[in-house]
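Protein chains: 2
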Amino acid sequence: MVLYVIGLGLGDEKDVTIKGYEAIKKSNKVYLEAYTSLLGGSTSTESLEKFYEKKIIIADREMVESGCEEMIEESREQDISFLVVGDPFGATTHTDLVIRAKEKGVPTKVIHNASIMNAIGCCGLQLYSYGQTISMVFFTDSYKPDSFYDRVKINMQSGMHTLCLLDIKVKEQSIENMLRGRKIYEPPRFMTVNQCIEQLLEIEDIRKEGIYSKDSFGIGLSRVGQDDQQIISGTFEELKDVDFGEPLHSFIICGDMHFIEKEYFETFRIKKN
Amino acid sequence: MVLYVIGLGLGDEKDVTIKGYEAIKKSNKVYLEAYTSLLGGSTSTESLEKFYEKKIIIADREMVESGCEEMIEESREQDISFLVVGDPFGATTHTDLVIRAKEKGVPTKVIHNASIMNAIGCCGLQLYSYGQTISMVFFTDSYKPDSFYDRVKINMQSGMHTLCLLDIKVKEQSIENMLRGRKIYEPPRFMTVNQCIEQLLEIEDIRKEGIYSKDSFGIGLSRVGQDDQQIISGTFEELKDVDFGEPLHSFIICGDMHFIEKEYFETFRIKKN
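So the sequence lines, in the order shown, correspond to chains A and B. Quick note on full-length UniProt numbering: the first sequence kicks off at 1 and runs consecutively. Quick note on full-length UniProt numbering: the second sequence kicks off at 1 and runs consecutively.
Wrong hints could be hidden among the right ones.
The list treats identical chains as interchangeable, and a pair is accepted whether it falls inside one copy or across any two copies.
Calculated lysine to aspartate or glutamate pairs in the EDC-like style (CA-CA distance at most 20 Å, straight line) [as the list claims (entries may be wrong)]:
(1) K271 <-> E69
(2) K104 <-> E266
(3) K50 <-> E22
(4) K25 <-> E13
(5) K262 <-> E103
(6) K153 <-> D256
(7) K109 <-> D227
(8) K26 <-> D227
(9) K102 <-> E261
(10) K104 <-> E70
(11) K169 <-> E246
(12) K262 <-> D96
(13) K271 <-> E103
(14) K171 <-> E198
(15) K109 <-> D228
(16) K240 <-> E266
(17) K102 <-> D241
Keep in mind the hints are simulated off the structure, nothing from the lab. The structure presented is a predicted model; accordingly, all values stated were derived computationally and were not measured.
Isolated chain A (complex conformation) (with noise of 0.2 Å):
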């Protein structure tokens, strides 16, 4: 039997492939990995429920991180799909998962969609011009990690874009809970375009190397690949008060832009009063 790892896409329940529907379709038991990504927007696990005509069992963090050895099991004997937001291979932890089941001789099969990581193209900056990637990350008061910083610096040094992947803390124990080992999960949070753009100057402030300020050129994207997405460009300025509204959102730190990605940029920026 197959282990089906399947991609979602970016939007509902109908951005599934046909060959990832007919996937689950035949599938005796359908999990869906909600703990890396959120489904889009009005999505709902009932939703996927009704379309596909199946019980969808969520792979929590605990499922996800404990390495999902019962699902693997599983799949010896009748077909198992495991349904990811985006595409399979967003997160290290399905890269895993695909390679452990092949050292245990179960067969898998991997069914690709859209992620973040190539629909980002909507904003007509070019795909081949990005460099790494950051993930930004929730600050608290002790904790404000700034490695991103030099990953930006190598790549506004060379002049290629940088795409801010934001933070969600989906069934996060507060610290209280956790030490008290009480299954008590805090409401799931994302962060804001506002919140990455104010993070960023933090760490300029603190860094004073010059590599991004105030004035510099970014897009804010929200709900890539849904009916409403939204992609507002200007200076980090303009855009630190924008409402983007329902999540998720990612912000491009923009590098040198070719007139082409300049032009498309204009055709983004932001209206002023």
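Please arrange chain B on chain A, whose structure you already have, making use of the hints.
Quick look at chain B alone, frame taken from chain A:
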């Protein structure tokens, strides 16, 4: 009415999304962009026509480069689908199409899909750790563009991986036929992993900056996203003579590998005799 710009993904006719399929079904005309990429494996225009039950009009180089004006105009009166292998924003020309349609007040809807830019995650190297992508074009005796070398240099110096997209020549005219205005086209050609490695080493031999060598690590991939995809890792020397079979091929120059990436690399390591 709407101009749908629809990614077909990397495999066969069933790699379209359900949303894309529904748009195709209700379109009055369906164009297939067959110039910047190739349909996967045994997939043909005919197999698409059969599956979608729609006549497919080939949008060739001339049509795409001249801007598809007619198609944009048609979209004012009727629903039109423009199909693209991979994701619509893999190639600059399609970004341009969407922006121009928008300027003319023609509603467009982009339906994303997988492309090599994200599906490449299948080899286990993290998408986050790639630098700029390079395009390797066919060298001729008098034309050996080496600007890629500087990009690889930047990537390597910062430990980033480099994805090399390999040239395809579809509907090319020989210089003689072009000069004589004869619309006779050469058979399609695609670059192999082997040719890519040869050209990489040829330029290193000229530039001699020691950016990579025959002992550098690389990963050759063919037919990514298709049932018979191949992934083989090794040194450039080891991979130089490996037969990767049918198109399309891609190549990755490995930057610094994290220990988990190294593990995946070994999983795909070429069998030594």
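Homo-oligomer pair classification [E69, K271; C-alpha up to 20 Å]: neither (52 Å within a copy, 28 Å between copies)
How would you label the pair K169, E246 (within, between, both, or neither) given a Cα cut-off of 20 Å? Answer is within: at 15 Å inside a copy they meet the 20 Å cutoff, but 43 Å across does not.
Cα distance capped at 20 Å. Does K240 pair with E266 within a copy, between copies, both, or neither? within (18 Å within a copy, 45 Å between copies)
Between K262 and E103, at a C-alpha cutoff of 20 Å, which is it: within one copy, between copies, both, or neither? Only across copies: K262 and E103 sit 16 Å apart there, 48 Å inside one copy, limit 20 Å.
Alpha-carbon proximity context of K104 and E266, limit 20 Å: between (52 Å within a copy, 16 Å between copies)
Intra- versus inter-subunit Cα pairing at 20 Å for K104 with E70: Answer is within: at 12 Å inside a copy they meet the 20 Å cutoff, but 55 Å across does not.
Same-copy or cross-copy closeness of K109 to D228 [CA-CA at most 20 Å]: between (32 Å within a copy, 11 Å between copies)
First find the shortest C-alpha distance between K102 and D241 inside one copy, then the shortest across copies, and answer within, between, both or neither for a cut-off of 20 Å. For K102 and D241, the Cα distance exceeds 20 Å both inside one copy (48 Å) and across copies (26 Å).
Go through the copies and call it for K50 and E22: within, between, both or neither, with a Cα cutoff of 20 Å. Result: close both inside a copy and across copies, 15 Å intra and 18 Å inter.
Which holds for K262 with D96 at a C-alpha limit of 20 Å: within a copy, between copies, both or neither? between (39 Å within a copy, 12 Å between copies)
Go through the copies and call it for K26 and D227: within, between, both or neither, with a Cα cutoff of 20 Å. between (29 Å within a copy, 18 Å between copies)
I want to check one pair: K109 and D227. Are their C-alpha atoms no more than 20 Å apart within a copy, between two copies, both, or neither? between (29 Å within a copy, 8 Å between copies)
The structure does not agree with the numbered hints 1, 14, 17 stated previously, though it agrees with the rest.
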